[in-house]
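Given two chains presented individually in distinct reference frames, assemble the corresponding complex, making use of the accompanying hints.
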Amino acid sequence: MKRDELLEAVKRVESEGLVPAGQGEKVGARLVEILFPPRDATRTAAAVVGWLGGILVAAGLLLFIAAHWEELGKVAKLTLIFGTLAGLHYAGYRLAESPGRRPALGEALTAAAMLLFGGAIGLVAQIYNLSSHYPKAILVWWLLNVPFALLSRSRRLLVIPLALFVVWLHMHVDVWVEDQLRARHFLWSESEVLAFGFVELGLGALLAALAAVCRAGRYETFSAPLALLGRFAALAGLFTLAFKELGSTRLVSPEQGQLFSTERMGELWIVLAPVACVAGTALVVALLALARRPARGAMRHELADGAAAIGAAVAVAATLLVVPGGAFLAANGAMLAAVLALVMRGTHRGRPADVNLAVVAFLATVMARYFEYVADEFGAVFVFIGAGVLLIALGGALERKRRSWVARAAGSKP
Amino acid sequence: MKRRLAFLLAALAQLAFLGWLVADQERLRATGRAIVLSIEPVDPVDPLSGRYLAIRVKAARIDVAKLLPELAADAQSRTAASLAGEEVAVVMREKDGRWEPESIESARYGDPGASAVWLRGRVRTVSETVVDVDFGLDRYFIPAHAADPSPLLWRRADHELAIVARVSVEGRATIADLLVDGQPFAEWNAAQPK
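First to last, the sequence lines map onto chains A and B.
In terms of the working numbering, the first sequence opens at residue 1 and continues consecutively.
In terms of the working numbering, the second sequence opens at residue 415 and continues consecutively.
Okay, chain B solo, but in the shape it has when bound (with noise of 0.2 Å):
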């Protein structure tokens, strides 16, 4: 019997633990801000992991010269260098439709509250006066058989690749959508020609 027991707990815990990823997936999206990001796609198709978007968020690179133009440019860097391996609250503002970051600090001082628009990220490397944050904001898997909008616009300066993401008060984020020229990725993808 107790033997019974224990694989049942152990099948559960593998089960409970898928469930737990997908509540708390759909809870963000559910209840998280939606905010739109610029991106930069990078590495269009992995062998390995199928089709999906590597994707760079522009507002992940931010150059700390331009958020504290105020500093000399060694306490600048001197800030910047302070971030390297921290996390970080990145507090964002939406400017022409994008949000794009307003001030970075680190996150052991306490976040910016509920009242701000924020991600938290860690900062992966640091050049100079720019940091360069991740936000666990880097892929965008893309179905089988849809259209991949990445080589046939990332070159061109007329198209605009950009994410939809949804934000918890906490400053989690997850990929909600991909926008190609503002379109939901859906429609885009239906409206090429098969």
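Bound conformation, chain A alone (with noise of 0.2 Å):
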């Protein structure tokens, strides 16, 4: 609801008598500071100013020792990495903490230092010719800015772990799954796309559940954003796995007697072992969230995301094994139901964000599917001009419905 919307709305309850007459302006000037209270102008661009700051510096320093990289001996060079860390860390804990003179500041400074360990960690990893098979440094690098995260309690700086985890749970999966299809059949690409978008699914599960402890808690700052993201995962999942020709041969189109084959159980299970990793502590945070029985109503709409996510996995992964070229159907109508489901929900519990996630899922799954099936019968003149036209004829139509929606959703807002 806009600020006007509610000034129009208070005079009308005046001049229908509900409240004293004369008090309509000042009872709307009350709603306005609560529903809309100021934003602090100031701090936002002292804290935007202060984070490009302290990337800057934290590059700054890193493309130093790198400029330097012969003059520098390795001592110096050691000293500067440890050095240039342990002092942004402090200077971030003062600034920010104790004595906390300038949260803004401190917490960008904060960050520089989080994103530094992982330059420092690069730069150690040159000096010793290092390298390896998984990915341990990205692993490391998530793994300690997790605690810098939950002291401070900053949705900004819990983006840095959550999005190096994305990132390096993708790129383990990757190798472990490259590693044991090569490894024995020289297969790759297709099966390790298949794999991320079961693993995506699972991730979606594992970050509704995360909220899910973090709702009506010590961290329910977070709550938010983690339900957000981990709703965004199971749809990236859905949508990676709702193509057609996804998976090898053997997966999706198995030989007259070889639906149970143990290559192509084996197969099966390279590709739905990661999955099953990540959405079985999934079930056990959500678990350890069912144990705080106060929070559990707070937390319903994280639970019922997390259980449609691996309930999706498991619907897709159980085609995939029983009927295979129906499982990219299968993934599509999850898709559907997903898309109705948050429209519904969005509308009658008042949730914008998840009419605007449906629709953005379900614009993207039409066009996928028009690529798909569409592209390969014309000419690219014609894909262009037809895809242009699906869009506008997409976007004109949903726009109207999704402000409908919206302000369906806004409105029923408790």
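Hint data in this document are derived by calculation from the structure and do not stem from the laboratory.
These numbers were taken from a predicted model, which means no experiment stands behind them.
Ideal Cβ positions, reconstructed from N, Cα and C, are used throughout, including at glycine.
Just to be clear, a hint being listed does not mean it is correct.
[Said to hold, decoys possible] A few chain B residues facing chain A, derived, Cβ under 8 Å: (1) PHE431; (2) LEU432; (3) LEU435; (4) VAL436; (5) ARG536; (6) ASP548; (7) TYR554; (8) PHE555; (9) THR588; (10) ALA604; (11) ALA605; (12) GLN606.
[To be verified] Residues of chain B placed beyond 12 Å of chain A at every Cβ, according to the derived structure: (13) ILE449; (14) GLN490; (15) GLU514; (16) ALA521.
In structure tokens, the structure reads:
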């Protein structure tokens, strides 16, 4: 609801005699104050400038070391790396926490230190010519940055380990699946992408479970971004799995009598093992969340999201097992169900973000199907024109519907 | 007070990890046995990681048929296939100043012991009787202003690139230097025209 609409509504209530005459203006002003608190523009600007400055300092120091690689001895390089990291952490703590006179700037310097830690690992690896088969550096990078996000309870700082975690998970799964498949049959790529699709569903469930744990607790502020990213991850997974040509021939269209062959089962296990691990972790986290009885009501949406993501993964995997050619149909069906469920929940429970996410997912899916099925049949010119017309039509129709859905969602907010 | 301690511990954990990484490598370089391994440079420049020589240690491609000539062809293939994805112990022997594989076994049956020079690695791929082992020795970072040995030499048969690896008694290895025609990299680089 916008400010003008609120004031207009208060006037109507006043004219109906529900608010004493002459009090409408005061009530309206107070409601505006409560519902639309003024943004601290100076603090926001300070935070953005501070973040940019912190990133520049970290990048500049890494570049300085790189540019003076030969002149700097090993000890000087390491002193610079350790000194800068410790200095940024100290300055960040002093400014943000104790005494905490410049919280935005302090947060920016802590963020710079968190980013620099990754650069420091890279530089040490460079000094000693280290490399790793699995992405262990990124694992350590996100893992040792988590405490700073938890201690500061800052959503902005949470973005750093969260983004690194998502990258690490994909890289780890990529290496593991590639190892398994290449070592046995020299198969890759398509089955890896299939594994990614399933893992993203598992990731959606895990993030939803983490959001549930945070709900109504000390880390409540993390709940909304984790839940949103979880829904996005789950939809991304369904989007990936909804392509018809995904997966090796053995998996998607096995020969007669090969449906349950050892080779096919082995490959299916390789594709599904990563999602089994991630979904298993999600279940454990969800159980931890459920153990907090008083918060159960508050976390119902997150738990429903997680259950839906795991349910979708199980449905697509089961279809892939027994009706391999229909797995992509199951994914498309699950995507459609997810879109409808998000729109309905968004409009009924007053969650405009759900509606917007559903609209974006629907648009992306329709465009993907268009390019998958129609584009092959026509020339490039017609494909572009067709895609354009389709987008305009979809955009127009969805904009009209989305407005009414979002209005309903905003209006039905408790 | 508790909060301050928590922040301090979180920062110390990062510094401790970096310190451990450095100390571990320094220890390996100080105490590990130096062996020279011939290499094949495969992808000299990566725009994301700066200038490094992506290398393939020749000893990482092991033909089981050559190590076990007494076995029949299908037994050799089976042996190679059984190592797929396994952690392996590759015992090395010196020949004309370069080290090459003498035997390969799955590391799950124990290691060859401190008396042997051996490398621990993981089998990446298996093709027929040839196994490709990842020893973690696949990058040598070239200083920003140094000459790059790779484009000049890697296609010429009369030049040879090798690495000096330091190997611990547990089979872990780290690259200590790059040899260009037998010369340590710093010496070779100093002799290049500026």
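Evaluated hints:
no.	hint	result
1	PHE431	holds, 6 Å
2	LEU432	holds, 6 Å
3	LEU435	holds, 5 Å
4	VAL436	holds, 6 Å
5	ARG536	holds, 6 Å
6	ASP548	holds, 5 Å
7	TYR554	holds, 5 Å
8	PHE555	holds, 5 Å
9	THR588	holds, 6 Å
10	ALA604	violated, 11 Å
11	ALA605	violated, 16 Å
12	GLN606	violated, 13 Å
13	ILE449	holds, 15 Å
14	GLN490	holds, 17 Å
15	GLU514	holds, 21 Å
16	ALA521	holds, 15 Å
The structure does not agree with the numbered hints 10, 11 and 12 stated previously, though it agrees with the rest.
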